[in-house]
Amino acid sequence: MKIDFTHRQSAHCESGVCSNLLHHYGLDISEAMAFGMGSGMFFGYLPFIRINSLPLTTYRCEMGGIFKRVTKRLGCQVHWQKFRNPDKAMAALDEQLEQGTPVACRTGGYWLPYFPPAFRFHFNMHNLVVYGREGDEYIISDPVFPGPESCSRRDLLKARFALGAMAPKGAMYYMKKVPQQVDMAAAARAGIREVCRRMLNTPGPVIGIRGIRFLAGQVKKWPKKLGEKRALLYVGQLIRMQEELGTGGAGFRFMFAAFLQEAASLLETPHLLDVSKTMTDVGDRWRKFAVIGGRLCKGRASAGDNYETMSTILQECADGEFAVYRELLKIL
Amino acid sequence: MTIQQRLKEILVVELNLEDFTPEQIDDDEALFGGRLGLDSIDALEIVYQVEQTFRIPMKEMNEARAAFQSINTLAAFIEARLRS
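Going line by line, the protein sequences match chains V and X. Here the first sequence stands for residues 1 to 332, where the numbers follow the numbering used here. Here the second sequence stands for residues 1 to 84, where the numbers follow the numbering used here.
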């Protein structure tokens, strides 16, 4: 049994699932637009939350937040459910599939067999869509892969109930109602405003622009505070979170820039194109930060590739993003 | 110098592949998961070097992964971008 669902590859799992599910129901919204409408842009350096015993850095909003906000802003009705019992979770999934409903699931990445070995580690914030079943094999649209994948019931169950930080607990969600007439401009505006508010005004030192600056202050202290070996682990974790895991900093900065580019047309506000360009430049600085970190990790740092430089670049990123969000609030 | 030769130089020089010369890297051999021993952090450096050397933006790492199967696939990606 296979639902007529169009798999499209995307840069990030949640925004990709969001875009693909809306597309299934007749709303052709790009991944970038879903990311923007869902206020996906964020930053948090959360040393009190550990992934693989290393601090969590998130470059995007809370898990599920993009999908929740997009669907709310577009007037969709969504069913969300978590489970204690894995068999009930799989039965609920099967029931929806039999009714022709593609179902999004939150999973750990480690237990998905189609993940390449280099990317299989314990990370529990992955999203995918299940849209078919043939015997004990489920047909999966995993947005970060180029084509549909399949996964046995056994592996999907393990992935849905992966243990560890941010355990998915069988979480699944699907559309109950999707309106055909939606106010995309209003949703885009709301998306932008919330990003600006969060990045500029969230209290506390570890969130938003303040969080980027806080991290900048921390990074240059790491070699002395943690020792060289552990400092490199911290750097490696930062880079993975930024570039690989879909919490990605530079990737999301580029995605937000792409959203602003689309929003310029949607909102008939050409100045957003300039802001988009600025955000792309910020994304390039984030990427340079990650490249230098990578060189340190790999022992191929040259003159200028050091923690002090990384700290300086982070401050530049903070400055650049601050200017972007202030400008967006002025425009809108 | 061909794109393939330039890419191999980048691999050896920028990624410090001390055990290889550019001539020893096969155009079709796997860049990742093979004898070169490259990982995701190396992929980041390659993306950066491709952007700097060929002026081709690669903003999405997913896009990079698809092109990074081998020297030849990466060269084909670069050529396609340069043409467009």
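Think of the hints as simulated: they come from the structure by calculation, not from any bench. Check the hints yourself; a few may be wrong.
To be verified - Pairs of lysine-lysine residues, derived as BS3-like cross-links and limited to a Cα-Cα distance of at most 30 Å, are as follows: (1) X:59 to V:277; (2) V:288 to V:229; (3) V:169 to V:2; (4) V:88 to V:176; (5) V:298 to V:224; (6) V:330 to X:59; (7) V:288 to X:59; (8) X:59 to V:88; (9) X:59 to V:68; (10) X:59 to V:298; (11) V:68 to V:158.
Predicted model only: the values in this text are computed from it and were never measured.
Checked hints:
1. With a C-alpha separation of about 13 Å, the suggested pairing of residue 59 (chain X) with residue 277 (chain V) holds against the 30 Å cut-off.
2. Between residue 288 (chain V) and residue 229 (chain V) the alpha-carbon distance is near 22 Å, which keeps this suggested pair within the 30 Å criterion.
3. At most 30 Å may separate the alpha-carbon atoms for a hinted pair to count; residue 169 (chain V) and residue 2 (chain V) meet this at roughly 25 Å.
4. Distance hint between residue 88 (chain V) and residue 176 (chain V) is fulfilled; the C-alpha atoms sit about 20 Å from each other, no more than 30 Å.
5. Distance hint between residue 298 (chain V) and residue 224 (chain V) is fulfilled; the C-alpha atoms sit about 19 Å from each other, no more than 30 Å.
6. For the hint pairing residue 330 (chain V) with residue 59 (chain X), the CA-to-CA distance comes to about 27 Å; that is within 30 Å, so the pair holds.
7. Between residue 288 (chain V) and residue 59 (chain X) the CA atoms are separated by roughly 12 Å; this keeps the pair inside 30 Å, and the hint holds.
8. Of the supplied pair hints, the one linking residue 59 (chain X) and residue 88 (chain V) is violated, its CA atoms being roughly 41 Å apart against a limit of 30 Å.
9. Only pairs whose Cα atoms come within 30 Å are accepted, and residue 59 (chain X) paired with residue 68 (chain V) is accepted, the gap being roughly 26 Å.
10. At roughly 22 Å between alpha-carbon atoms, residue 59 (chain X) and residue 298 (chain V) fall within 30 Å of each other, so this suggested pair holds.
11. Taken as a hint, the residue 68 (chain V) and residue 158 (chain V) pair is honoured in the structure, with Cα atoms around 25 Å apart against an allowance of 30 Å.
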